[in-house]
Amino acid sequence: MKLVVLAGTPGSGKTSVLLHTIKALLSLGNNPTVVKIDCLWTEDDQRFKKLGIPVRVGLAKDMCPDHFTIYNTEDMLKWAESEGSDMLLNETAGLCLRCAPYPDGCLAVCVIDVTAGPNTPLKVGPLLTTADIVVMTKGDVVSQAEREVFRERVLDVNPTCSIVEANGLTGKGSFELAELIRVFPDISIEMKLRYNPPLAICSLCTGEMRVARKYHMGVLRNLDGFMEYRGE
Amino acid sequence: MKDVSTLTIIGGVNKEGIPENIKSIEFNKGEIIGIVGPTGSGKSTLIDDIEQLARGDTASRRHILINGEVPDVAIRVDPRLKLVAQLSQKMHFLADMTVEDFLSMHARSRGKNPKLVHRVLELANTLTGEPIALHQQLTALSGGQSRSLMTADIAIISDSPIVLIDEIENAGIRKQEALELLACEGKIVIVVTHDPVLALMATRRIVMKNGGMIDVITTTLHEQQLCYKIAEVDNWLLSLREIIRRGDLVEGTV
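Chain order of the listed sequences is A and B.
To convert, note that position 12 of the first sequence is 12 in this note's numbering; the numbers rise steadily by one, no gaps.
To convert, note that position 187 of the second sequence is 419 in this note's numbering; the numbers rise steadily by one, no gaps.
Since the hints were made in silico from the structure, they are not lab data.
Treat the hints loosely; a few may be bogus.
What the hints assert, rightly or not - Okay, the calculated bits of chain A under chain B, using three or more residues with CB under 8 Å as the criterion:
(1) 117-131
(2) 152-165
(3) 170-180
(4) 218-231
Here a beta-carbon is modelled for each residue, glycine too, at the ideal position from N, C-alpha and C.
Using the sequences and the hints given, assemble the complete structure.
The structure is reproduced here in structure tokens:
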């Protein structure tokens, strides 16, 4: 069983890239399954179902979507196996850019939109820096020079990644990505995360709604960057 | 840089999935090739196929060969090895950077000396009436300034044996000068254009329809002679345009 975790900035074209890649994988004889994780709502599962493959949706609701993904990875893999699949494609919601939901044994794919500008790779954090493959989308909207500058910035923060230029409309890059998935090894039994989740656990995490500072406890960071523990 | 003596397009399918009329076409070093056809006929897609050195993995299923061979994957993706420079239809930059930062970053991505930045700027300023400065934000440049900068950037930083140009006449810059800059000796230049001067400067032109290459026209001797005449008319119109731009009367100057 292979595990592919596809993360990326909102609106970068994760679903479209994945749809084209699934078509390529199917034409090459693979049996992919998809789990789409979102925060509150999604109808992307309908788009995946049209391809005739097993699809599941997970909504993180109150839980951090990345934590939700990690917590449910084992269950997703069991389900994929029960469907007779050889690869689980997990599309994450990934929002705060603080975590990266990539276990060490997975193929970590980060989808990033070149129209967001060449400073974006510096802002995305572990989602991008710990990825194996970086998929650059919407390259048709900018000039060749801008694509090349963007690529350089991606390599600045993640020098060992493979870069795939993809287009969610035309399907460009999907065969390249499918090939990279096919040659990636299967997962091992005990997986660990590549990057540590946030250190801070505070009263806001458990539902505190009052704003005044005196109500807050836990591991907290001040505006000037000073981090402290407040509480009993 | 790798020497490119020929570029071959192996035909794929049109928008309906029907095989294209043109099964294969080869271009030689030093040639200028035109691509013509109505809006939506697939001109930009053809240009994109060449830019990404398609290997049957794009919507058109075309294959691109260099010197008669399938090019190496590295050439396809690494800008330091790239054989293709592309001036697209884009009129604006989206990158939130200064002109200087962008150009030096681009020089770095192509493995070139960052000092080239000054030459790019100098050249860009010969193509546009509104001078560009290094400290300006890219996103604040006008359409004409952006296109001039993109053109100069391609001539100097992206200097590659294959040059693709998409509709230079809509760019608000001096198109013939720009073409001469990009199409210097020993290159293969492919230009999407309906401008009669530019189209007839090409040795051959590919006719596009419904996503497929349907014909290749070799510019006739008569057409070549006509091209000089049209260029004269074109320059005349250009001078009139300048007079109007300056706010002068056309009357009396003609």
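Hint check results:
no. : hint    : in the structure
1   : 117-131 : holds (count 3)
2   : 152-165 : holds (count 4)
3   : 170-180 : holds (count 6)
4   : 218-231 : violated (count 0)
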